[in-house]
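Engineer: Listed below are the residues making up each chain.
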Amino acid sequence: MSKPITVWDLPKEEFLASGHRMCQGCAAAITFRHVLKAAGKDTIVSMPTSCGEITSTVYPHSAWRIPWIHVAFENAAAVASGISAAIEALKRRGEIPKEKDINVIAMGGDGGTFDIGFQALSGTLERGDNVLYICYDNEAYMNTGIQRSGATPLGAWTTTTPVGKVWRGEWRPKKRKDLIAIAVAHNVPYAATATPAFPTDLYAKVKKALSIKGPKLMHVLSSCVPGWRIEPEKGIEVLKLAVLTGMWVNYEYENGTYRVTTPVPKRKPVKEYLRLQGRFRHLTDEDIKKIQELVDAEVEKINKLVGKQVIGPVEG
Amino acid sequence: MSLPGWKQLPIGVVILNPGNSVEYKTGEWRTLRPEIDQEKCIRCRTCWTFCPEGAILEVSEPYKTKAGREFKLTYKVNYEHCKGCGICSNECPAKAIAMVEEVI
Ligand SMILES: Cc1ncc(C[n+]2csc(CCOP(=O)(O)OP(=O)(O)O)c2C)c(N)n1
Ligand code: SF4
Ligand code: SF4
Ligand code: SF4
Ligand SMILES: [Mg+2]
Chain A
1 MSKPITVWDL PKEEFLASGH RMCQGCAAAI TFRHVLKAAG KDTIVSMPTS CGEITSTVYP
61 HSAWRIPWIH VAFENAAAVA SGISAAIEAL KRRGEIPKEK DINVIAMGGD GGTFDIGFQA
121 LSGTLERGDN VLYICYDNEA YMNTGIQRSG ATPLGAWTTT TPVGKVWRGE WRPKKRKDLI
181 AIAVAHNVPY AATATPAFPT DLYAKVKKAL SIKGPKLMHV LSSCVPGWRI EPEKGIEVLK
241 LAVLTGMWVN YEYENGTYRV TTPVPKRKPV KEYLRLQGRF RHLTDEDIKK IQELVDAEVE
301 KINKLVGKQV IGPVEG
Chain B
1001 MSLPGWKQLP IGVVILNPGN SVEYKTGEWR TLRPEIDQEK CIRCRTCWTF CPEGAILEVS
1061 EPYKTKAGRE FKLTYKVNYE HCKGCGICSN ECPAKAIAMV EEVI
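Those sequence lines, one after another, are chains A and B. Under our numbering, think of the first position of the first sequence as 1, with each following residue one higher. Under our numbering, think of the first position of the second sequence as 1001, with each following residue one higher.
Next up, chain A with everything else stripped away, as it sits in the complex:
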């Protein structure tokens, strides 16, 4: 096995320029920084409308020091597929050297991935196009003012899952759809989850994904200050807690094998994660118990996938 990556392996060069308009403490910005550090300068990014898009390219400015294209909400993956095909065509015609590696990344929010761009994503994965698709997941449609998406977790307040006498936040009783399982069902060679709170893990996975030809998918949990109702300095702390409570598991799928990259021998109660966020403020102990049960079931599922107990029980 190769030496584990440390923070000192992260390249100094920044491909996401300062001056973007993401909120104070936005974890999406940290995600983008490290994705680009891993991908490097020979990279083209296709991005649908989202917080990441509107805040990084307020005309006449762009924060992207690499070629970047804004597309519609529906088709980030399709445009990335087109770019990838164009690169191949230009190589055939001799206009780009055959041996030149150019990374094509489509990067969208959870709304643009779980819901609106889902069909285009499925097409890219199904055709086997040479594209890395990254969903930065802040668990709602944040850019338009915090509406629920197919990725919003049970109990979370959003403007379309309000909290009152009848509504108690997000109502979907089951765990949200499993993006990694969906990618694996498309027979992709590589799929992984990550979060910028574990930046070397995120970096290593982007590197690995880009070294593999074909369609790859990454699902990255990314906190949001106004949407999660957290203090701006808490964005990384809350994401670390997501992993330490088992609410989020950092793992990867590679050619038939699953591997957890951040083992958690003893989990913290999920309550510690929920209580840091205003979007879960209304939850009763009974509600939290239900969420804990969902997390326990998910953890068990992942332990089964890897074939051993990598994520342990909740500490007493």
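Any given hint could turn out to be false.
Quick look at which bits of chain B chain A covers, simulated, 3 or more residues with Cβ under 8 Å [stated by the list, open to error]:
#, region
1, 1010-1021
2, 1051-1064
3, 1084-1094
Going by beta-carbon spacing under 8 Å, a handful of chain A positions derived as facing chain B [to be verified]:
#, residue
4, 8
5, 10
6, 14
7, 59
8, 63
9, 232
Just so you know, these hints were derived from the structure itself, not from any lab. We put the beta carbon where it would ideally sit given N, CA and C, even for glycine.
For chain A, the structure is supplied; the task is to place chain B with the ligands on it using the hints.
Structural biologist: Coordinates of chain B with the ligands only, in the frame set by chain A:
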């Protein structure tokens, strides 16, 4: 900042100067200013890693603490762009970053 008229815009309204967002000084958003105590800083790169703005600068400037510890690197804040979120201060393992109220 002067904006071009529509006839001067490049086709596709392409932005021809990638990374030019640095012209926009987000430091004006800040109400709290991070201040790094060079004596306490252990040069661990955590703040640099987590800053959403890339506003922590890693400079090759040697520093010797009063206790005699020598470092090759120094971390500084780019106050033109730091938005004052406080993530660096919250994550710093040496508690070397204080968030100080901005006074105009
Ligand atoms: C077809 C279409 N519907 C709605 C919109 C408006 N819209 C723009 S961004 C956005 C929300 C994006 O949510 P998400 O993909 O989760 O990214 P986030 O802003 O949360 O980072 C919406 C609803 C649009 N641009 N196009
Ligand atoms: S609304 Fe949330 S995701 Fe969007 S820029 Fe602000 S913190 Fe980031
Ligand atoms: S996180 Fe703290 S100790 Fe580490 S480099 Fe930054 S200021 Fe220094
Ligand atoms: S306060 Fe926030 S924006 Fe400013 S340097 Fe620290 S992490 Fe970066
Ligand atoms: Mg979103």
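Engineer: Determine for every hint whether it applies to the structure shown.
Structural biologist: We went through each hint and held it up to the structure:
1. Remark: the region 1010-1021 of chain B is confirmed as covered by chain A, as 7 of its residues place a Cβ nearer than 8 Å to a Cβ of that chain, reaching the required three.
2. Given a C-beta distance limit of less than 8 Å, the hint that chain A covers the region 1051-1064 of chain B holds, as 6 residues qualify and 3 suffice.
3. Counting residues of the region 1084-1094 of chain B whose CB falls under 8 Å from any CB of chain A gives 7; the rule of at least 3 is met.
4. Against a cut-off of 8 Å between C-beta atoms, the interface hint on residue 8/A holds, since the closest Cβ of chain B lies about 7 Å away.
5. Hint status for residue 10/A relative to chain B: holds, with the closest Cβ pair at about 7 Å, below 8 Å.
6. Hint status for residue 14/A: holds, given a least beta-carbon distance of 5 Å to chain B, under 8 Å.
7. About 7 Å separates the beta-carbon of residue 59/A from the nearest beta-carbon of chain B, less than 8 Å, and the hint is met.
8. Proximity of residue 63/A to chain B holds as hinted, the smallest CB-CB distance being about 4 Å (cut-off 8 Å).
9. For residue 232/A, the shortest C-beta to C-beta distance to chain B is roughly 4 Å, which falls under 8 Å, so the interface hint holds.
Checked against the numbered hints above, the structure violates none of them.
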